[in-house]
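So the sequence lines, in the order shown, correspond to chains A and B.
Residues 143 to 285 (my numbering) make up the first sequence, in order.
Residues 560 to 1060 (my numbering) make up the second sequence, in order.
I should point out that these hints are in silico values taken from the structure, not numbers from a laboratory.
Computed from the model, here is a short list of chain B residues facing chain A with C-beta under 8 angstroms:
(1) S611
(2) Y745
(3) S781
(4) M961
(5) V962
(6) F965
(7) V978
(8) V990
(9) E1012
List of simulated lysine-lysine pairs, PhoX-like, C-alpha gap at most 20 angstroms:
(10) A:K192 with B:K993
(11) B:K809 with B:K660
(12) B:K724 with B:K1049
(13) A:K247 with B:K783
(14) B:K724 with A:K192
(15) B:K993 with B:K724
For each label pair, taking beta carbons as the anchor points, the in silico distance ranges come out as:
(16) B:I951 with A:A173: 47 to 53 angstroms
(17) A:I284 with B:T1020: 51 to 57 angstroms
(18) A:G194 with B:T850: 43 to 49 angstroms
(19) B:G1050 with A:L151: 26 to 32 angstroms
We treat Cβ as the ideally placed atom computed from N, Cα and C, and that holds for glycine.
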Amino acid sequence: MRIRILLPLILLVVAITAVVMSFKYRFSAAAAPMSLGSLAAVILLILIFKEGFSKGEQTKRETEASPTTYLGYLEFAAWAIGLVLANLLLGMVIAFPLFTFVYLKVYRESWLLSIIMSISVFLIFYFGFERGLKMPLARSMIF
Amino acid sequence: LIEAVLQGLAHTFLPTSILAMVIGIVVALIFGIMPGIGTVVAMVLTLPFSFSMDPVMALVLMVAVSSAGCAGGSVTAILFGIPGTVANAATIIDGFPLTKKGQAGRAVAAALTSSAMGGVYGGIILALLIPVAHSILKSFGSGEMFLVMVFGLTFIMVLAQTGSKLKGIAPGLIGMILGLVGTQDYSGMIRFNFGTIYLYEGLPLIPVLLGMFAFPELVNLSLKRGASIADVDKLALKQTQFSMMWEGIKDVFRHWKLFLRTSAIGTIVGMIPAVGQAAAVFIAYGHAKQTSRHPEQFGEGVIEGVIAPESANNAVQGGSMLPTLALGLPGSTLMAILLGAFLIHGIAPGPQMLKDHLDLTWMMISVLVISNILAAVFLFPLIGQIANVAFIRGRLLIPIIMVIIFFGAYAPRGEFLDVIMMLIFGVLGYVMMKTGYSRVALLLGLILAGQAEMYFLLAYTAIGPQFLIRPISLVLIGLTFLVLFSGPLKGLFQIIRKRGR
Chain A
143 MRIRILLPLI LLVVAITAVV MSFKYRFSAA AAPMSLGSLA AVILLILIFK EGFSKGEQTK
203 RETEASPTTY LGYLEFAAWA IGLVLANLLL GMVIAFPLFT FVYLKVYRES WLLSIIMSIS
263 VFLIFYFGFE RGLKMPLARS MIF
Chain B
560 LIEAVLQGLA HTFLPTSILA MVIGIVVALI FGIMPGIGTV VAMVLTLPFS FSMDPVMALV
620 LMVAVSSAGC AGGSVTAILF GIPGTVANAA TIIDGFPLTK KGQAGRAVAA ALTSSAMGGV
680 YGGIILALLI PVAHSILKSF GSGEMFLVMV FGLTFIMVLA QTGSKLKGIA PGLIGMILGL
740 VGTQDYSGMI RFNFGTIYLY EGLPLIPVLL GMFAFPELVN LSLKRGASIA DVDKLALKQT
800 QFSMMWEGIK DVFRHWKLFL RTSAIGTIVG MIPAVGQAAA VFIAYGHAKQ TSRHPEQFGE
860 GVIEGVIAPE SANNAVQGGS MLPTLALGLP GSTLMAILLG AFLIHGIAPG PQMLKDHLDL
920 TWMMISVLVI SNILAAVFLF PLIGQIANVA FIRGRLLIPI IMVIIFFGAY APRGEFLDVI
980 MMLIFGVLGY VMMKTGYSRV ALLLGLILAG QAEMYFLLAY TAIGPQFLIR PISLVLIGLT
1040 FLVLFSGPLK GLFQIIRKRG R
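All chains, full assembly: derive it from the sequences and hints.
Structural data, given as structure tokens:
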């Protein structure tokens, strides 16, 4: 499905959900979401209709995203998901420097630079934030 | 009043405040120099770290970051023709040709001087208006406050949006719905939490901010496949000798009338919610060209073309801080984030703040003025070196920015779900950016919805719908309709004018 229709469609679902859920609240709590949701739903329907029929502009914009760009999105998503999983499994103290090191090595940075940057990340986050500023980092789920 | 001013100054000159100010300025300058990253991202990334600070230090830090970013952005705008921030967009038109002419040092010095002085100008105007704003705002009740918020949101949703206005209104409304998630202040009722405790306090502001603004820039940087942020010739860096810089400083004083006029434009435009720096700099540039004796030379490298937008973009800060402090209505994205910082530290900007925390208000005005001066002072000796940041390979920056964003989302509440929330809003923010939907409207809707609803319910419970027919209310309703129908009205006037001819 085209992204320019998909976004207003998702927002439309949010608006309708707000209206439907508001029925179970008392008036003072339901008035705002119900009125805002209804208004948003109408506007989003107009937008979906407009986006669906603006074929010329649509074709031009959609050709802008090349296969390389999609590959770039996938690559970035993989790194982001990888960092989430690493945080959960290893904890931020290990995940952050490890992620920095792996990222730099995958893109062929030198061993020295990768190690220096990873150690810097560890020192800043562990000693700077967790120890110094008493801002706890996420703990590991496995140890 | 004098006591509050003195207390404010005392807060400003505390050692911890000075430290926070210096850190804020350095962070803002670094991020301001990085094109595409900019002051907004600097603010968003700084916000979580301010969480554990005491309110005075945190506010000093945030105001310093918001004030100093433009100065950094002017360096890359002039040296490489790439604006560090949106506010430096107009500086390129004459700044970059000046670099090509070998006058980069002069242009950068003129930009930094006019930025610093513009910021001071905006701060002074803000200081003069704060006492008046206080007395005017006494006549604002809950009903009027609600209508001010509706007006501001309408302004943001309609006028700040280029292209289809519906792409500003729809996200604004969705943002308001999202802002109603969690416990309702008025009744204590919990809404839209889907049975989870996580959403009891509503959507977490910092992860949403990080997702909407920082994440999309990171995706863009990643898509550049290892290229540095700036990919232009390093030769421009060599044109920053001291003699040329001194000439640039003198240029601002030679064109002092232009400086005063364009700073005034910046301050006034800043007071209008959501119009902000981008509009102010182009209006100021247009004014400089219109009033110049040699308008035909604009675009080919004239120093007035640098002084005008750079004076305006920093003067905007003082102007936009007025509605933020006096009404709790942010005049720009930066101010919206600043408003978030206020709320996180339990300070609600608005009439009550001018009454209860007047010392903090004066502290922020003084920080605004001092930060603008210090930013220029810091940059002068470092122009050449700092600009090198723009040449760091993207591959080196991405992992660092990514771990900062992840930590920034997690740290304020120590809740890992906030990281997931940041990623969800990151994807939403990126898609919105690509498809032309207003992210600012969604953010402001989210921030203001809860307060607007509470003001409405308070006014309605107290006096019923009659609050809508009070004089101030009627003016605000009129203004809101004027904004809503500005497009059709403009078209109508053009038709009438054409027929008249």
